[in-house]
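Trainee: Letter by letter, the chains look like this.
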Amino acid sequence: MAINELQSARKPPTTQIGAILWLRTNLFSSWINGLLTFASLYLLFISIPPLLDWMFLSANFNFGTVNILGFDIKFSEVMADNDSCGKEAACWPFIFEKIYMFIYGFYPREEVWRPDVFYGLTALLILIVRLVKNYKYKNRVILSMIVTYPIVSYILIAGGFGLLPVVETHQWGGLLLTLIIASVGIIISFPIGVVLALGRQSDLRVIKLFSTLFIEFIRAVPLITILFMASFVLPLFLESGTNFDKLLRALIGIALFQAAYFAEVVRGGLQAIPKGQYEAADAVGLSYFQKNALIILPQALKISIPNIVGSSISLFKDTTLVLIIGLMDMLAMVNMTSQDIYWLGRETEGYVFVTIVFWVILYSMSRYSRKLEIRFNTENKD
Amino acid sequence: METENNNKPNIIEISELNKWYGDFHALKNINMSVKEGEIIVVCGPSGSGKSTLIRCVNFLEKFQEGNIVVSGTELTDDAQKIRKIRSEVAMVFQHFNLFPHLTIVDNLTLAPIWVHNETKEEAREKALKFLERVDIKEQAEKYPNQLSGGQQQRVAIARSLCTSPKIMLFDEPTSALDPEMISEVLDVMVELAKGGITMICVTHEMGFARKMANRIIFMDEGQIVEENDPINFFKNPESDRLQLFLSQILTHDE
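Taken in order, these protein sequences are the chains called A and B.
Under our numbering, residues 755 to 1136 are what the first sequence spells out, in order.
Under our numbering, residues 23 to 276 are what the second sequence spells out, in order.
FYI, nobody ran anything at the bench for these hints, they're computed from the structure.
Mixed in with the good hints there might be a few duds.
[Claimed, not checked] Pairs of lysine-lysine residues, derived as BS3-like cross-links and limited to a Cα-Cα distance of at most 25 Å, are as follows:
1. B/106 to B/84
2. A/1045 to A/887
3. A/1045 to B/257
4. A/1045 to B/84
5. A/1045 to B/50
6. B/106 to A/1029
7. A/887 to B/188
8. B/103 to A/1045
9. A/1125 to A/1071
In this text the structure is predicted, and so the values were computed from the model without any measurement.
Next comes chain B alone, as it looks inside the complex (with noise of 0.2 Å):
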C-alpha cells in the first residue's frame, strides 16, 4: 500500500502547528502530512494532543501558530474558507453526536440538503443507499435515541459519508462503545479504508492499526514522538515512551 500512494499529492499538510488552552502548550511543533487515500492512525495516552491534533483539522479547534492546507485552501478565520473545508472533510465523534430531534435519515439529509444544496429527493435516496452500506437501513425513520450505541455510530458514519468528503476524520470512534458493538463499527471503518478514501483515526484499535493504516503516528505530551509503518512500528519501537505504551496496551491483547 505504500509504494502506491508514494507519488499522490498531499491533501493535508500540517506544518509548525503550535496550540495552546490558556497557558497549556497543547500540541507543540506538529509537522505532518497526509497524501490522498492514505489511512493514518494516531494514537498515544490520554492528554496527549491526538484528538486535539485532528480537530484542527476540521477548525473546531483554533490554534495560535503555523498553519494547515486541507486540499489546497489553508486554513484561516475566514468563515467562507472554513465551510468549504468543512464540506469536504467529515468527522465521527466519540459520542457519535447525532441530532436527536431529527430522525435518523434526516439526520442524515442535513447537510446534503443546506450545505451542499441537493433537493431532498436526491439527499434521501443517497441517504438511504449509505444506510444500507452500515446495514441499518430499517432504522431510517427512528430517532437516535432508540437505536443501540454501535448502531448510532454506524449512522455517524453514514453521516458523514453523505457529504462526499475526500477525508474522514474519526475521534476514538469505538472508545464509548459497550465491547459487543466495536466490531460492528470496525468493519464499517475497514469496508472504508478499503474504499479508498483518506482517513486519520484517533483510535486504541491496534487491530484495526495493524491491519489497515499506512502509517502509525504515535503522539504524547502534545508532540509527535514516533511514526512508522504498521510493521515497524509494532516490532520494533525506537523510543522508551512507545515501548512502555505498546507493553501496556498490548499486554491483554496477544
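Next up, chain A with everything else stripped away, as it sits in the complex (with noise of 0.2 Å):
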C-alpha cells in the first residue's frame, strides 16, 4: 500500500469579493429583496431629511450667551422665546431653559451640588468598571461600592441624619428620580430574584411552591397594577395615619415586579448548567449554600447577562409608568414643563429630547452587557 506524505495546509479558494457582490447577496438575492430595498431606501428618504431638518438644520439653537466651564459662549443676542421660534422647526431653548426640572425636578436649587456629587460618583463608578483593568483591584472596588455607593447615595440626595438638610421625595424628580428608581429598582430586585429563582428549583416543597407561587402571580399582573396596588391598596391594609413614603412604596411594588423576572432569567441559566457540576460539587462534600456560590451560580448568571441586562433595560423604561401615580420622572417632566404658560406646545421638543436620554443610557447598558459577554467567552474557551 502506497504512504502518502503528510501535506500541508492550503488557504480556501478564493471567492469573489467586491462591492457588487456584496450588494448582490445582501440586497438584490431575489426580486422579493430588491422591492423591500427600494421600498426601505424611499421610507428613509421620505423620513431622515425632514427629521434632520426638523432637528438641526431649521432648528433654532438661540440660547443667548451661556457660562460654560467659566467661558461666555455667546450662542446669540437674546435668548430665543415660544414666539420667536416659529413652529415648523425645533425650539432647543425651552429645553435649555427647562434643563434643571428634566435633570433633578423639583430638587432645590441651593442644594443642587448634591445631584450633582451623586451623577460625578456614578460617572466615576462607571469609569473605574469600564477602564481599570487589574481585575483584583477592580472586584475590591466593586465590592466596596456595592455596601457604600447606596448609603453615601441616599445620605447625599434625602439628606437628614444631622449631616445635610433633608429634601422630601415628592421634590426629586426627573433624570435623577428615573435613575434612583430604576437603579434601586435593579439592585434591590437582583438578590431577592436570585433567592427565587433558587427557591424555585429547591427539593424543599413548601419553599418551591411558594416561590413559584410569587413569579406566577407577579408575572400575571401587568407593572402598573403593581403600581397602583403598592401606591393605593397597600395603605388601606396599613393603619391610618401612618405616613409611608409615596416613592419607597413604588419602589417596593418595582422592586418586586423585577425580582419575579430576574427569577425567571436567572432560572433559565440554572437550567443550562449541566447535571454533572451539581454531581461533582456534591461529590467534593460542598453545602448546599456552598455549592450554590461556588460552582452554580457564577456560571449560571455568567450565561444570563444578556437576559439580565435586557431584563434590566426593560425595567428601566418601564420606571416611566410611575408618572400615573404622580411621581414626577423625566418623562412626566415633559408633561409639566410643556404646561408652561410661556412654552406651550413645545412637547415635542421634549420627548425627543427624553428619548435621546434614555438612548444614550440603554444603548450603553446593551453594549456593556455584549463585552461582558465576550469577555467571559473568552475566559473560558479558546
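Join the two chains, each given in its own frame, into one complex according to the hints.
Mentor: Pasting the structure below:
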C-alpha cells in the first residue's frame, strides 16, 4: 500500500469579493428582496431629511450667552422665546431653559450640588468599572462600592441623619428620579430574584411552591396594576395615619415586580448548567450554600448576562409608568414643562430630548453587556 | 494481593440494598463489602445498575431500602453525615465534571479550602504536587476547556486526590475519551492502585481489571451475578450471562 506524505495546509479557494457581489448577496438576492430594498430606501428618503431638518438645519439654537466652565459662549444676542422660534422646526431653547427640571425635578436649587455629586460619583463608578484592567483591584472596588455607594447616595440625595438638610421625596424628579427608581429597583430585586430562582429549583416543597406562586402571580399582572396596588391599595391595609412614603411604596412594588422577572432569567441560566456540575460539587462535599455560591451561580449568572441586562433595560423603560401614580420622573417632566404658559406646545422637543437621553443610557448598557459576554467567553474557551 | 487484605477491616458494607427509579427496580438486594485497600472492578452491560451502585456509596443517588456503612458511618438523610462521608470518598466521573469557570489549580483547591478548611497556600502547594503526579503541572493556570479529554480526566483524578480520600470511586473514567487518551488515564489509575488506596471502578477496561483488581464484580439487571478474583473471573466464568458478556467484549481484545 502506498504511503502518502503529509500534506501542508492550503488556504480555501478565494471567492470573488467586491461591492457588487456584496450588494447582490445582501440586498438584491431575489426580486422580492430587491423590491424591499427599494421600499426601505424610499422610506428612509421621505423620513430622514425632514427629521434632520427639524432637529438641526431649521432648528433654533439661540440660547443667548451661556457660561460653560467659566467661559462665556455667545449663541445669540438674546435667548429665543416660544414665539420667535416658530412652529415648523425644533425650539431647543425650551429644553435649555427647562433643563434643570429635566435633570433635577423640583430639587431645591441651593442644594443642587448634592445631585451633582451623586451624578459625578455614578460617572466615576462607571469609569472605574470600564477602565480599570486589574481585575483583583477592580473587584475589590466594586465590592466595596456595592455597600457604600447606595448609602452615600441616599444620604446625599435625601439628607437627614443630622448631616444634610432633608429634601423630601416629592421634590425629587426628572432624570434623578428615573435613575434612582431604576437603579434601586434593579439592585434590590436582583438578590431577591436569585433567591426566588433557587427556591423554585429547591427540593423543599413549601419553598418551591411559594417561589413558583409568587413568580407566576407577579408575572401575570401588569406593572401598572402593581404600582396602583402599592400606591393606593397598600395604604388601605395599613393603620390610618401611618405615613408611608409614596416613592418608597412604588420602589417596593417595582422591586417585587422585577424580582419575579430576574428569577425567571436566572432560572433559565440554572437550567443550562449540566447535572454533572451539581454532582461534582456534591461529591467533593460542598454544602448547599457553597455549591450554589461557588459553582452553580457563577456559571448560571454568566450565561444569563444578556437576559439580565435585557430585563434591566425593560425595567429602566418601565420606570416611566410611575407618572401615573404622581411621581415626576423625566418623562412626566415633559408634560409638566410643556404646560408652561410661555412654552405651550413644545412637548415634541421634550419627548425627543427624553428619547435621546434614554437611548444613550440604554444603548450603553446593552453595549456593555455584549462586552461582558465576550470577556467571559474568552475566559472559558479558545 | 488477596491474602494481604484478608485481615483488613471492611471499609464499605452494603447490605440488602434496593433502589427504584419510579417503578423501575434498578438495584436488587445488593450485598457486598469492600476491605481497606481493595481494588474492585464492577462491570456489566449498560443499564445493569453498576453506576447506580457506586453513586449510592456517596449518596449521589438516594436508595429506598437497605443500608450502606462507609468507614463506620451509616448513610442516612442527615446532611452532616453525608458531607462527612463525601469528604472521605472521592469520585471521578465519566464526563470529568471539572468546573469550567475556574482554573485547573482552583478546581483542585476548592474542596480543600471550603470543605477541609485548609489555607490557600497549603491547598495550592498540595494541588501542584498532585498535578505533578498526574504529569500536568504546566497546565495549572489554564481553564478546563483548554485541555484535552485525557488531560481533563487526569485533572479530575488529581482534584479528587486533593482531599486525601480513603476511598475512590471511578464511574467509567475512560468511556468518554478518545482511544489515544485512554492509556494516559489508566496509567494514573494503576499508579493509584499500587499506592494502596481503596478503589471501586466501574469500567470496561478489562486489561486494567485483569492486572490490578482484587475482585471483579459482574452485574446484570440490577443484581450482582457473579464475583471472583481476576484469574477465575476470566478463566472460569460460572454463569451463562457472564460467559456471553466476556465473549462479546473480549473478541476484539485477544
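Trainee: None of the hints should be skipped; say for each whether it holds.
Mentor: Each hint, compared with the structure:
no.: 1; hint: B/106 to B/84; result: 16 Å, holds
no.: 2; hint: A/1045 to A/887; result: 29 Å, violated
no.: 3; hint: A/1045 to B/257; result: 46 Å, violated
no.: 4; hint: A/1045 to B/84; result: 19 Å, holds
no.: 5; hint: A/1045 to B/50; result: 32 Å, violated
no.: 6; hint: B/106 to A/1029; result: 22 Å, holds
no.: 7; hint: A/887 to B/188; result: 43 Å, violated
no.: 8; hint: B/103 to A/1045; result: 17 Å, holds
no.: 9; hint: A/1125 to A/1071; result: 22 Å, holds
The structure does not agree with the numbered hints 2, 3, 5 and 7 stated previously, though it agrees with the rest.
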